[in-house]
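Peer 1: Sequence:
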Amino acid sequence: MNLRLSDLSACFEGVIPSIIATASADGMPNISYLSHVVRVDEEHVALSNQFFAKTAANVRANPKVTLILVDGFTGDQFLLDIGFVRSIDAGALFDKIARQLKASSAQVGMSDVMRLRSADIFRVHGIEKVPSPVETASPMASRAPVSLPALAEALKAIEQQAEADEIIDSLLGAIQRVLGYGNVLVLIHDNHRGCLITTGSIGYQRSGLGSEIAGSDGLIGAAATSGQTIKVSDMSRVRRFGEAIVLEAEGAENTSRTVAFPQLPTAMSQIAVPMTAGGTVMGVLFIESTERLAFREEDEAALEILAGQAASALRASEREAAAAEMRPAVLLPEAAPAGRDVRVVHHRFDDSVFVDGTYIVKGVAGTLLRLMLEWHRSDGRNEFTNREMRLAVGARMPEIKDNLETRLLLLRRRLEEKQAPIRLVRVGRGRVRLEAEGPLILDATAGDYP
Numbered sequence: 001m002n003l004r005l006s007d008l009s010a011c012f013e014g015v016i017p018s019i020i021a022t023a024s025a026d027g028m029p030n031i032s033y034l035s036h037v038v039r040v041d042e043e044h045v046a047l048s049n050q051f052f053a054k055t056a057a058n059v060r061a062n063p064k065v066t067l068i069l070v071d072g073f074t075g076d077q078f079l080l081d082i083g084f085v086r087s088i089d090a091g092a093l094f095d096k097i098a099r100q101l102k103a104s105s106a107q108v109g110m111s112d113v114m115r116l117r118s119a120d121i122f123r124v125h126g127i128e129k130v131p132s133p134v135e136t137a138s139p140m141a142s143r144a145p146v147s148l149p150a151l152a153e154a155l156k157a158i159e160q161q162a163e164a165d166e167i168i169d170s171l172l173g174a175i176q177r178v179l180g181y182g183n184v185l186v187l188i189h190d191n192h193r194g195c196l197i198t199t200g201s202i203g204y205q206r207s208g209l210g211s212e213i214a215g216s217d218g219l220i221g222a223a224a225t226s227g228q229t230i231k232v233s234d235m236s237r238v239r240r241f242g243e244a245i246v247l248e249a250e251g252a253e254n255t256s257r258t259v260a261f262p263q264l265p266t267a268m269s270q271i272a273v274p275m276t277a278g279g280t281v282m283g284v285l286f287i288e289s290t291e292r293l294a295f296r297e298e299d300e301a302a303l304e305i306l307a308g309q310a311a312s313a314l315r316a317s318e319r320e321a322a323a324a325e326m327r328p329a330v331l332l333p334e335a336a337p338a339g340r341d342v343r344v345v346h347h348r349f350d351d352s353v354f355v356d357g358t359y360i361v362k363g364v365a366g367t368l369l370r371l372m373l374e375w376h377r378s379d380g381r382n383e384f385t386n387r388e389m390r391l392a393v394g395a396r397m398p399e400i401k402d403n404l405e406t407r408l409l410l411l412r413r414r415l416e417e418k419q420a421p422i423r424l425v426r427v428g429r430g431r432v433r434l435e436a437e438g439p440l441i442l443d444a445t446a447g448d449y450p
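Just so you know, we're using the UniProt record's numbering here: the sequence shown kicks off at 1 and counts up by one.
In the SDA-like style, the derived pairs of lysine to any residue whose C-alpha atoms are separated by at most 20 Å in a straight line are:
#1 Lys64 x Val40
#2 Lys96 x Ser226
#3 Lys156 x Gly173
#4 Lys96 x Arg296
#5 Lys418 x Leu440
#6 Lys64 x Met28
Since the hints were made in silico from the structure, they are not lab data. Everything numeric in this text was worked out from a predicted model, so none of it was measured.
Start from the sequences, fold in the hints, and give me the full structure.
Peer 2: This is how it looks when you write it as structure tokens:
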């Protein structure tokens, strides 16, 4: 059977270094390790040009090169006869190689050191499996291929959801059901603060709702800024993503106003998939697995399809909520809620909100709660529309245009998670009701700048 490059997919994950053998013009051989090899198509590979000077000189003098690739699952080795075609230092392919180099370099703690200067494209003339004197490891138990009917059903389910929480929950359920991954996060882009905020999660001891990632940090930030999927296939030697921002105690939230990012301590593979709609990255889908090389090409493709469908559904939900008619509030006399006072403190400088001393959320979500409390205090009403909140927030923060639905969702779920004496309840399309266990007291001056 003739081998194809697509048969060697496990060799291109950056788990085991590849070897390049070159020869000078007078035939003197030279061998060195490669930082990364990328499959371009069935006839070409790209090598990150991190060569030693001798290797680079040999390639220019004698373009016939031998490459050794190693299967990350089995340890099988393959000899590739390749020939130099051209070098690239810009463009879509170069950017793809640079991203993969950065991700794979993280596996040996060198993501800040390895910078791609250029990449060399080689044509593959032949592929040969290296005979082994000993039996190689058996491949990982074969996983069933992605079921297209199940994927199609999941896409329809996401499309049919009208509210942000339903869309995100449907996405999380689809990934678990169709692909079998049990540790998943959905992070939504906050343009106002330049970060990504965890808005949905499954499989973690702590949900991490409200945790934030700076717009360019790690795999998640790189996926968001590039709009491309990025993965790491062997975390065994990596300083795990988010390690530097873990908070030991739940109570630390109240002093730091920072929610700990959730982690899978035994993760061996990670993948970050941008959620893109209309050319705009709305968020990032982040999945972890305890298996090495957990994300096959078909899994990656399925995740990209699901993420794109969810992003489109979220955008449609946002537009429909914004267009919903704003019915005038009907002011009906209501009995004052019984129970102790509920004290809400809002800090304007970061829009953080505390309920009875417990940190809830910050940013636009905090502004939304303050708005509702101000209207409740001035108008005596408990029901509010997304549209009026959008208009009010837009007047104060003109740069805020999108993701109001997901910010309300984050606020509602954080209140529920903290078992706060305040709740947000959906009462119709684009409408929410504020419920409290006692009289509401808003302190909107503490910690504000003058």
